[in-house]
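Asks: Those sequence lines, one after another, are chains A and B. Start counting the first sequence at 1; every next residue gets the next number (UniProt numbering). Start counting the second sequence at 1; every next residue gets the next number (UniProt numbering).
Certain hints may be false.
[As the list claims (entries may be wrong)] Pairs of lysine-lysine residues, derived as BS3-like cross-links and limited to a Cα-Cα distance of at most 30 Å, are as follows:
#, chain 1, residue 1, chain 2, residue 2
1, A, Lys90, B, Lys195
2, A, Lys357, B, Lys141
3, B, Lys273, A, Lys141
4, A, Lys141, B, Lys195
5, B, Lys357, A, Lys141
6, B, Lys92, A, Lys53
7, B, Lys92, B, Lys195
8, A, Lys195, A, Lys173
9, B, Lys273, A, Lys53
10, A, Lys117, B, Lys141
Rather than coming from a laboratory, the hints here were simulated on the basis of the structure.
2 protein chains.
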Amino acid sequence: MESEKQREMSNKASESFPMNAGDGPNSYTLNSSYQRGGLNIVKEMIDEAISEKLDIHVLSTSELFSIADLGCSTGPNTFTVVQNIIDAVKLKFQSHCIEFQVFFNDHVSNDFNTLFKLLPSSRTYFAGGQPGSFHGRLFPKASLHFVHSSYALHWLSVVPNEVVNESSPAYNKGRIHYGNAAKEVIDAYSAQFAKDFEAFLQARAQELVPGGLMALLLPGIPDDTPPSQSPFVRLFELMGLSLADMTRMRLVSEAQLDSFNLPVYNASLEELKALIGKNGRFSIERMEPVFRYAPTAETCTIHLRAGGMERVFSEYFGSEIMDEFFDRFAKKVAESSILADLTEQNSAELFVLLQRKSSTS
Amino acid sequence: MESEKQREMSNKASESFPMNAGDGPNSYTLNSSYQRGGLNIVKEMIDEAISEKLDIHVLSTSELFSIADLGCSTGPNTFTVVQNIIDAVKLKFQSHCIEFQVFFNDHVSNDFNTLFKLLPSSRTYFAGGQPGSFHGRLFPKASLHFVHSSYALHWLSVVPNEVVNESSPAYNKGRIHYGNAAKEVIDAYSAQFAKDFEAFLQARAQELVPGGLMALLLPGIPDDTPPSQSPFVRLFELMGLSLADMTRMRLVSEAQLDSFNLPVYNASLEELKALIGKNGRFSIERMEPVFRYAPTAETCTIHLRAGGMERVFSEYFGSEIMDEFFDRFAKKVAESSILADLTEQNSAELFVLLQRKSSTS
Numbered sequence: 001m002e003s004e005k006q007r008e009m010s011n012k013a014s015e016s017f018p019m020n021a022g023d024g025p026n027s028y029t030l031n032s033s034y035q036r037g038g039l040n041i042v043k044e045m046i047d048e049a050i051s052e053k054l055d056i057h058v059l060s061t062s063e064l065f066s067i068a069d070l071g072c073s074t075g076p077n078t079f080t081v082v083q084n085i086i087d088a089v090k091l092k093f094q095s096h097c098i099e100f101q102v103f104f105n106d107h108v109s110n111d112f113n114t115l116f117k118l119l120p121s122s123r124t125y126f127a128g129g130q131p132g133s134f135h136g137r138l139f140p141k142a143s144l145h146f147v148h149s150s151y152a153l154h155w156l157s158v159v160p161n162e163v164v165n166e167s168s169p170a171y172n173k174g175r176i177h178y179g180n181a182a183k184e185v186i187d188a189y190s191a192q193f194a195k196d197f198e199a200f201l202q203a204r205a206q207e208l209v210p211g212g213l214m215a216l217l218l219p220g221i222p223d224d225t226p227p228s229q230s231p232f233v234r235l236f237e238l239m240g241l242s243l244a245d246m247t248r249m250r251l252v253s254e255a256q257l258d259s260f261n262l263p264v265y266n267a268s269l270e271e272l273k274a275l276i277g278k279n280g281r282f283s284i285e286r287m288e289p290v291f292r293y294a295p296t297a298e299t300c301t302i303h304l305r306a307g308g309m310e311r312v313f314s315e316y317f318g319s320e321i322m323d324e325f326f327d328r329f330a331k332k333v334a335e336s337s338i339l340a341d342l343t344e345q346n347s348a349e350l351f352v353l354l355q356r357k358s359s360t361s
Numbered sequence: 001m002e003s004e005k006q007r008e009m010s011n012k013a014s015e016s017f018p019m020n021a022g023d024g025p026n027s028y029t030l031n032s033s034y035q036r037g038g039l040n041i042v043k044e045m046i047d048e049a050i051s052e053k054l055d056i057h058v059l060s061t062s063e064l065f066s067i068a069d070l071g072c073s074t075g076p077n078t079f080t081v082v083q084n085i086i087d088a089v090k091l092k093f094q095s096h097c098i099e100f101q102v103f104f105n106d107h108v109s110n111d112f113n114t115l116f117k118l119l120p121s122s123r124t125y126f127a128g129g130q131p132g133s134f135h136g137r138l139f140p141k142a143s144l145h146f147v148h149s150s151y152a153l154h155w156l157s158v159v160p161n162e163v164v165n166e167s168s169p170a171y172n173k174g175r176i177h178y179g180n181a182a183k184e185v186i187d188a189y190s191a192q193f194a195k196d197f198e199a200f201l202q203a204r205a206q207e208l209v210p211g212g213l214m215a216l217l218l219p220g221i222p223d224d225t226p227p228s229q230s231p232f233v234r235l236f237e238l239m240g241l242s243l244a245d246m247t248r249m250r251l252v253s254e255a256q257l258d259s260f261n262l263p264v265y266n267a268s269l270e271e272l273k274a275l276i277g278k279n280g281r282f283s284i285e286r287m288e289p290v291f292r293y294a295p296t297a298e299t300c301t302i303h304l305r306a307g308g309m310e311r312v313f314s315e316y317f318g319s320e321i322m323d324e325f326f327d328r329f330a331k332k333v334a335e336s337s338i339l340a341d342l343t344e345q346n347s348a349e350l351f352v353l354l355q356r357k358s359s360t361s
């Protein structure tokens, strides 16, 4: 039974884990202020990039500027992000009469109906939803001028096979993540991230015009830090411990716990740099960790819950135990020193600004 | 109360009446075979148009072919339509390596989540949803090569003001449509259709590339026929009579009935020709009525119900009386001679093929 679920989960691959739908109390729409905070911090960096790096020659004669937000969820953050980009582009190319087209992308199972209802009525761009996995092609060749993606690239397209294979040295029995796991488990996660990020870069290299920009923001880990010391990764460890409690309460079976692994990986700047270099189609224009305030245990739980975690856990363990699960998790976070331990150094959210090289080689 | 509802309805304008959502028993997804029948008939005409009228110069150097289906609903008909268009374009331009981008458009309140879930996994095009009213601009300038719209343009963006204004000579007391109404009522409907169709043509003239094609299919009326003799319009008359029955049962108040009018207009080829000529940006490449089989009363009811009518009636009169309403309507259709009276001459569904002129004048 469990292995069937696992297979199903692997098969559904990258179509599985959107943010919480609708606009109810646990929705992403109402619970994305933490993510918004990060976006405010990088706004200035995006403005600068557009002002300094973007050349008018990226536009074809049609004077159309196309923007894609990949992993946009249901709003409202995505609307702020694209408006900022548009404002900066207008400022840069003020003498031109540019039309803007914005593509909002997320998994097919994302709640696009809510996204569309929330579209600002005062918008000055043509808006569309482009459903599908950003690990593959989504757009025509050389059709985009700016790609944005925040809080999305740390989601893996699948759980690495090895970590749920009982006969593999990377079998991750009793855990749901790699934080305190064997090196083989960490390596399996890292390899899956590399595969996914390479596929992402390859698709975007085809879709972006030469000179086009790509701004990425993703939860990461400082260079040379073991995952067990990363606050983000430690939070996932507490999710695993909450589930372990619940096996003792017989709300979750041990087999279920053993076969579940969280498809999330926090990369380091070093790892990203190596993968971008290997792809070869982008120049790295800016790359740095971004410091975030430490949220309370409650806020932290609400935002993780709305931001994709409820969907992935409830698909596997059932929605009826989600309140119990997140209550336990919130208590563990409050009792732990994780949030107090957050520093500028270890709380790495990574900002990466890439430019599509002109050569097609 | 009623006039407030009416105002609300007018204000919501063209965002109000999508097909039935989801894939339940009354959904458009499961009940659109009548519409599919019409699309099969025009498939050949579209194939011919692409083969004979489409020139390779419509493509820019990027070799991208962009298609929009306006008023696409939730599928699956729209997928068949766009695949047919793509197959015909591939056949015509076989020596070229073209990428296809398809935009599925409907009102913001359309169920795009269902549409996206039903997208064929074997598709060979990039697919997006573009929400909004097709009576305004939806796409960048000169960005589309083929526009398709079927069973959508007969929906008016609003109920004409005059027909619900008690002091107007066009006040349509006791009726919900113009079939047996005073000339002033018919004129008010006709004027609203003209305004809407002009706005539609103006927007598409900007969005289509010169040489681009537009195929339209809409329920119409033969030239020089009074609306009271059109089978389509007579069906709406029966909907009004069903509601009148229900006022006697006190399920609907008379004031409600008086203030409601169905925002649907069946145009003639003559009317369309005049409006297209007035717009001036399109050449008429083909224009003819299409004959349809006569459905049974039951099929006819199911398809009208799923194809937008349930939404518009239930928003005004409440969803709880919809079964009663459509049961009464189906009986009236069965008792009437409308379906038996359908002939090649009077059952006009109108097919119109337009080409965007090269001059921008």
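Asks: A separate judgement is required for each hint: does it hold in the structure or not?
Replies: Results of checking the hints against the structure:
no. : hint                : result
1   : A:Lys90 / B:Lys195  : violated (33 Å)
2   : A:Lys357 / B:Lys141 : holds (27 Å)
3   : B:Lys273 / A:Lys141 : violated (38 Å)
4   : A:Lys141 / B:Lys195 : violated (38 Å)
5   : B:Lys357 / A:Lys141 : holds (27 Å)
6   : B:Lys92 / A:Lys53   : violated (41 Å)
7   : B:Lys92 / B:Lys195  : violated (36 Å)
8   : A:Lys195 / A:Lys173 : holds (24 Å)
9   : B:Lys273 / A:Lys53  : violated (51 Å)
10  : A:Lys117 / B:Lys141 : holds (24 Å)
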